[in-house]
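From first to last, the protein sequence lines stand for chains A and B. Note that the first sequence covers residues 0 to 318 in numbering that gives the first Met the number 0. Note that the second sequence covers residues 0 to 651 in numbering that gives the first Met the number 0.
Please note that the accuracy of each hint is not assured.
Said to hold, decoys possible - Below, in silico cross-link-like pairs of lysine-lysine (DSS-like), each with a Cα-Cα straight-line distance of 27 Å or less:
| id | chain 1 | residue 1 | chain 2 | residue 2 |
| --- | --- | --- | --- | --- |
| 1 | B | Lys291 | A | Lys307 |
| 2 | A | Lys312 | B | Lys1 |
| 3 | B | Lys302 | A | Lys307 |
| 4 | A | Lys140 | A | Lys45 |
| 5 | B | Lys302 | B | Lys291 |
| 6 | B | Lys126 | A | Lys67 |
| 7 | A | Lys307 | B | Lys169 |
| 8 | B | Lys55 | B | Lys1 |
| 9 | A | Lys87 | B | Lys599 |
| 10 | B | Lys55 | B | Lys126 |
| 11 | B | Lys377 | B | Lys294 |
| 12 | A | Lys243 | B | Lys126 |
| 13 | B | Lys294 | B | Lys314 |
| 14 | A | Lys87 | B | Lys608 |
| 15 | A | Lys307 | B | Lys1 |
| 16 | B | Lys506 | B | Lys231 |
| 17 | A | Lys200 | A | Lys109 |
| 18 | B | Lys104 | A | Lys66 |
| 19 | B | Lys294 | B | Lys250 |
| 20 | A | Lys45 | A | Lys67 |
| 21 | B | Lys377 | A | Lys307 |
| 22 | B | Lys112 | B | Lys1 |
| 23 | B | Lys464 | B | Lys380 |
| 24 | A | Lys87 | B | Lys294 |
| 25 | B | Lys599 | A | Lys66 |
| 26 | B | Lys263 | B | Lys228 |
| 27 | B | Lys291 | B | Lys169 |
| 28 | A | Lys87 | B | Lys291 |
| 29 | B | Lys608 | A | Lys67 |
| 30 | B | Lys581 | B | Lys607 |
| 31 | B | Lys280 | B | Lys230 |
| 32 | A | Lys307 | B | Lys280 |
| 33 | A | Lys312 | B | Lys506 |
| 34 | A | Lys307 | B | Lys607 |
| 35 | A | Lys66 | B | Lys250 |
To be clear, the hints were calculated from the coordinates, so they are not data collected in a lab. Please read all numbers here as calculations on a predicted model, not as lab measurements.
Here's the letter readout for the chains.
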Amino acid sequence: MQNLEDLKEQVRKALPELDVVIGWTGGYDPLHATPHFIRRDEDIDKLQVNALCVHNLATYLPSMRGKKVGIIVKGCDSRSVVELLQEKLIDREDVTIFGFGCTGVVDQTKIRRIVGDVGNIDSCEVSGSEVKVSASGTEHKLAMSDVLSEKCATCRYPNAVLSDHFAGAEITSTATFEDGYKDVVEFEEKPEEEKFGFWLKEMDRCIRCYACRNACPMCVCRDHCVAQSRDPHWLSQEAHVRDKWMFQVIHAYHLAGRCTECGECQRACPVDIPILLFKKKMNKEIKEVFDYEAGINPDATPPLMTFKAEEDKITERKW
Amino acid sequence: MKIGVFVCHCGTNIEGTVDTAAVAAASREFPGVVFATDTMYACSEPGQDGIIEAIKEHKLDGVVVASCTPRMHEPTFRRTLERAGLNRYLFEMANIREHVSWIGKDREANTNKSADLVRMAAAKLLKNRPLFSKQFPVNKSVMVVGGGVAGIQAALDCANGGLKVVLVEKDTTIGGKMAKLDKTFPTVDCSSCVLGPLMVDVAQHPNINLHAYSEIEEVNGYVGNFEIKVKKKASYVDWDACTGCGLCVEKCPSRKATDFFNEKLATTKAINIPFPQAIPKKAKIDPDFCMKIQKDKCGVCAKVCPSEAIDFTQKDEFITENVGAVVAATGFDLFDWTVYGQYGGGKYPDVITSLQYERMLSASGPSEGHIKRPSDGKEPKNVVFIQCVGSRDKSVGRPYCSGFCCMYTAKQTILTKDHIPDSQSHVFYMDIRSPGKLYDEFTRRAMEEYGANYIRGRVSMIYPKGDNLVVRGADTLMGAQVEIDADLVVLAVGAEASVGATDLAKKLRISYDAYGFFMEGHPKLKPVETNTAGVYLAGACQGPKDIPASVAQGSAAASKVLGLFSQDMLASDPQVSVVDIKRCIGCGKCIQTCPFGAIKEIDFRGMKKADVIETICQGCGICTSTCPQGAVQLQHFTDNQILAEVNAICRF
Chain A
0 MQNLEDLKEQ
10 VRKALPELDV
20 VIGWTGGYDP
30 LHATPHFIRR
40 DEDIDKLQVN
50 ALCVHNLATY
60 LPSMRGKKVG
70 IIVKGCDSRS
80 VVELLQEKLI
90 DREDVTIFGF
100 GCTGVVDQTK
110 IRRIVGDVGN
120 IDSCEVSGSE
130 VKVSASGTEH
140 KLAMSDVLSE
150 KCATCRYPNA
160 VLSDHFAGAE
170 ITSTATFEDG
180 YKDVVEFEEK
190 PEEEKFGFWL
200 KEMDRCIRCY
210 ACRNACPMCV
220 CRDHCVAQSR
230 DPHWLSQEAH
240 VRDKWMFQVI
250 HAYHLAGRCT
260 ECGECQRACP
270 VDIPILLFKK
280 KMNKEIKEVF
290 DYEAGINPDA
300 TPPLMTFKAE
310 EDKITERKW
Chain B
0 MKIGVFVCHC
10 GTNIEGTVDT
20 AAVAAASREF
30 PGVVFATDTM
40 YACSEPGQDG
50 IIEAIKEHKL
60 DGVVVASCTP
70 RMHEPTFRRT
80 LERAGLNRYL
90 FEMANIREHV
100 SWIGKDREAN
110 TNKSADLVRM
120 AAAKLLKNRP
130 LFSKQFPVNK
140 SVMVVGGGVA
150 GIQAALDCAN
160 GGLKVVLVEK
170 DTTIGGKMAK
180 LDKTFPTVDC
190 SSCVLGPLMV
200 DVAQHPNINL
210 HAYSEIEEVN
220 GYVGNFEIKV
230 KKKASYVDWD
240 ACTGCGLCVE
250 KCPSRKATDF
260 FNEKLATTKA
270 INIPFPQAIP
280 KKAKIDPDFC
290 MKIQKDKCGV
300 CAKVCPSEAI
310 DFTQKDEFIT
320 ENVGAVVAAT
330 GFDLFDWTVY
340 GQYGGGKYPD
350 VITSLQYERM
360 LSASGPSEGH
370 IKRPSDGKEP
380 KNVVFIQCVG
390 SRDKSVGRPY
400 CSGFCCMYTA
410 KQTILTKDHI
420 PDSQSHVFYM
430 DIRSPGKLYD
440 EFTRRAMEEY
450 GANYIRGRVS
460 MIYPKGDNLV
470 VRGADTLMGA
480 QVEIDADLVV
490 LAVGAEASVG
500 ATDLAKKLRI
510 SYDAYGFFME
520 GHPKLKPVET
530 NTAGVYLAGA
540 CQGPKDIPAS
550 VAQGSAAASK
560 VLGLFSQDML
570 ASDPQVSVVD
580 IKRCIGCGKC
590 IQTCPFGAIK
600 EIDFRGMKKA
610 DVIETICQGC
620 GICTSTCPQG
630 AVQLQHFTDN
640 QILAEVNAIC
650 RF
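Build out the structure end to end from the sequences listed, making use of the hints.
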């Protein structure tokens, strides 16, 4: 990031008023970043902001309610913050948002597929157009376009949609809503059996670790999740694809009109199930029916959190 | 739980296409079922006694009856359980009549489906818990919305029964459509002569509080305890002071105001009283035409008013009324006939509506009872009546019959002959619908004694010829095309739901059909009830109705209200939502989506939680589908109960 020093300066100025500022720093190897909780001045120097900073830090906010929290956000992360504000799960006066223009983050799965063994990373250099990875003594030069996360390729909100501080210049995007949903349209057009077969195969891999749920910034039920509850007893504990699939369907329904498509669920999935597709499908429907996108306007009410006897685009009386 | 299953034959209704004995035999294998039998009529006295005996003999603590829809007999069987000493909610009904025997002929498939439905019911019953009602007090006053003849009748009957009545009317006077009519069929007696005394009774009755020129703004609460906000629209006249002397109307120089009472046949003064018998007889200013309000000139009415009642600065006022029940009697409005291009679409002044014709016939109308063509004021000799304008016509989205047009058209032909003895009436009709006491005789009289020329067929076009109109249509009995020179054309315009009826329905939380008419509780057995407790229907708001039917329904609604109020306490329905406080994370989504405002936020040991106000909750279940973690559960329809049903049917 070009203006990292500006960002650090903004954080330094704001820190005395805050309990913590959440950002990113270097992880367990040079290829990975990790969430970073800045409480003291010296923590600020470790701040890292680049294409490896994949985590949506908004996930931490609901559990830190009541504290004064600063948070560094990419454009997509900022939508999660806005959605949390819309749902009154966090308080605006307690959150200080540090925004910047994001040029996209990497997809570690793509890197792993090219590099192969990522267990022994020697070094990693990220520039605007290239990721240089040295793994087990072998140098790999990866074009950024080959390893960029899918959501970034069609990103419409590279800048924080809501921020108190903004470092550097804004980034312009020319992507349209349709660009982001080409994969959904393509999938929709497949025959029913093929779609069913696809999910049967994909969902069969699920190990029910619930990493998708835990990474999701909008999954706020936590200990009360229906996945593990006996009352209501929505899911059995059987190792059957129907229960695994059922959970993903419940997850997608709970996120309809709320999901900001940060993609954390899919990123966190250890077996690479493309579960973001479920949520994108719901969001596409929400856009068509309610002309609404989650996490854009902090004052808007999500459409499924209202009751209207008659909706404009749902004509119950004229079949 | 020991479950007993009773599979009803319903005579041959079910047994005809379902092997009930086989369903009973299959039921014995379902979890929890210890007893199963088929029975001839489960709802009959021997049928119910059989259930009670079985409960005692087999020590049953849950019952499934597989029979008809629960809408009719669920209360019956719940009472049966109570007589046998069981809680009424330890009962489930499998609908194997409407959902099975009446819709399929394949006996084997029907039998299998019936067994599946019983399996679901038994699976749910295993998860049922006893539920208990609570008692709450009733406010024994009633609001009647709409002061037409149905509303007047309902209000008077309730008031005579000793109830306090609040009558709300959106116009400045009660009387509704009936007050606009000249004569009524089939007796041809004067409309205002029969309605007038009732209107006076309303004004003088000590138990009736009339809010004219008012509308319902907001409805809160529930049966027995409604809290209704009423908007009293600004009339710019202090009605407490106004004596209805009419001096202001006489002196008002603004003569171009729209005369809604006379169906826009004429214009009226900017300050006016709609008709001499108006109740309340109070003046109202139409601000669009008042020069004082528009241009701050004039003010003559204020100068001449002997009681200084004029108040140009008056604003809408809101008042709150607390009542225990509501009768909706909002009536109907006329279909907008100008969609019919073939009748001129409104561009020929001598094509008028039947209600305009009534005002023309009426002695208190703008032409003082003389029939005059709007175009040149001449007396017409040839009058053509066209029936079914906006009735029985799918092409304009009005497939239903408005019911009363055949009769009033016959009446109008008779009155035409009475007013102009050398006139000739022609009626284009589709069918004559006159199934009432003395109704068919009346239409025969119009034809035979008064010489009305009835032509069976539709009109294809009306076009001008000189000063007159030519009506071209088909005579389907003759198989010929006919053209009739008409001096005046009267359209029997059909009825539709009154303007704003659907908005009121939403406020009252009652349903309405595709045309905006309010839905009754049951088309045959609950004609004046709605599916919202404490809200009743009277008159044409439920569907087109003539005067006798409207009056009868007004009285019927009043008798339902009086029946409801014969109890001092009402029992609440325990099928309401309950919050599991341990699971609730206090996100408040349920509060946002509840259509009834039945969920409030509470503070529980410093944590935000949701709490259901039991008496307001209607048991719709929206909160339960909103709550992500399943903390809100609708009693008797919990997630686990529904899942048990799903799992019973989706076995693999």
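Going down the list of hints, with the structure as the test:
{"no.": "1", "hint": "Lys291/B / Lys307/A", "result": "violated (41 Å)"}
{"no.": "2", "hint": "Lys312/A / Lys1/B", "result": "violated (48 Å)"}
{"no.": "3", "hint": "Lys302/B / Lys307/A", "result": "violated (49 Å)"}
{"no.": "4", "hint": "Lys140/A / Lys45/A", "result": "holds (26 Å)"}
{"no.": "5", "hint": "Lys302/B / Lys291/B", "result": "holds (12 Å)"}
{"no.": "6", "hint": "Lys126/B / Lys67/A", "result": "violated (46 Å)"}
{"no.": "7", "hint": "Lys307/A / Lys169/B", "result": "holds (25 Å)"}
{"no.": "8", "hint": "Lys55/B / Lys1/B", "result": "holds (12 Å)"}
{"no.": "9", "hint": "Lys87/A / Lys599/B", "result": "holds (15 Å)"}
{"no.": "10", "hint": "Lys55/B / Lys126/B", "result": "holds (22 Å)"}
{"no.": "11", "hint": "Lys377/B / Lys294/B", "result": "violated (38 Å)"}
{"no.": "12", "hint": "Lys243/A / Lys126/B", "result": "holds (25 Å)"}
{"no.": "13", "hint": "Lys294/B / Lys314/B", "result": "holds (18 Å)"}
{"no.": "14", "hint": "Lys87/A / Lys608/B", "result": "holds (13 Å)"}
{"no.": "15", "hint": "Lys307/A / Lys1/B", "result": "violated (43 Å)"}
{"no.": "16", "hint": "Lys506/B / Lys231/B", "result": "holds (17 Å)"}
{"no.": "17", "hint": "Lys200/A / Lys109/A", "result": "holds (21 Å)"}
{"no.": "18", "hint": "Lys104/B / Lys66/A", "result": "violated (67 Å)"}
{"no.": "19", "hint": "Lys294/B / Lys250/B", "result": "holds (18 Å)"}
{"no.": "20", "hint": "Lys45/A / Lys67/A", "result": "holds (21 Å)"}
{"no.": "21", "hint": "Lys377/B / Lys307/A", "result": "violated (53 Å)"}
{"no.": "22", "hint": "Lys112/B / Lys1/B", "result": "holds (23 Å)"}
{"no.": "23", "hint": "Lys464/B / Lys380/B", "result": "holds (16 Å)"}
{"no.": "24", "hint": "Lys87/A / Lys294/B", "result": "violated (50 Å)"}
{"no.": "25", "hint": "Lys599/B / Lys66/A", "result": "holds (26 Å)"}
{"no.": "26", "hint": "Lys263/B / Lys228/B", "result": "violated (31 Å)"}
{"no.": "27", "hint": "Lys291/B / Lys169/B", "result": "holds (24 Å)"}
{"no.": "28", "hint": "Lys87/A / Lys291/B", "result": "violated (50 Å)"}
{"no.": "29", "hint": "Lys608/B / Lys67/A", "result": "holds (23 Å)"}
{"no.": "30", "hint": "Lys581/B / Lys607/B", "result": "holds (11 Å)"}
{"no.": "31", "hint": "Lys280/B / Lys230/B", "result": "holds (19 Å)"}
{"no.": "32", "hint": "Lys307/A / Lys280/B", "result": "violated (40 Å)"}
{"no.": "33", "hint": "Lys312/A / Lys506/B", "result": "holds (21 Å)"}
{"no.": "34", "hint": "Lys307/A / Lys607/B", "result": "holds (26 Å)"}
{"no.": "35", "hint": "Lys66/A / Lys250/B", "result": "violated (72 Å)"}
When held up to the earlier numbered hints, the structure conflicts with 1, 2, 3, 6, 11, 15, 18, 21, 24, 26, 28, 32 and 35 and fits the remainder.
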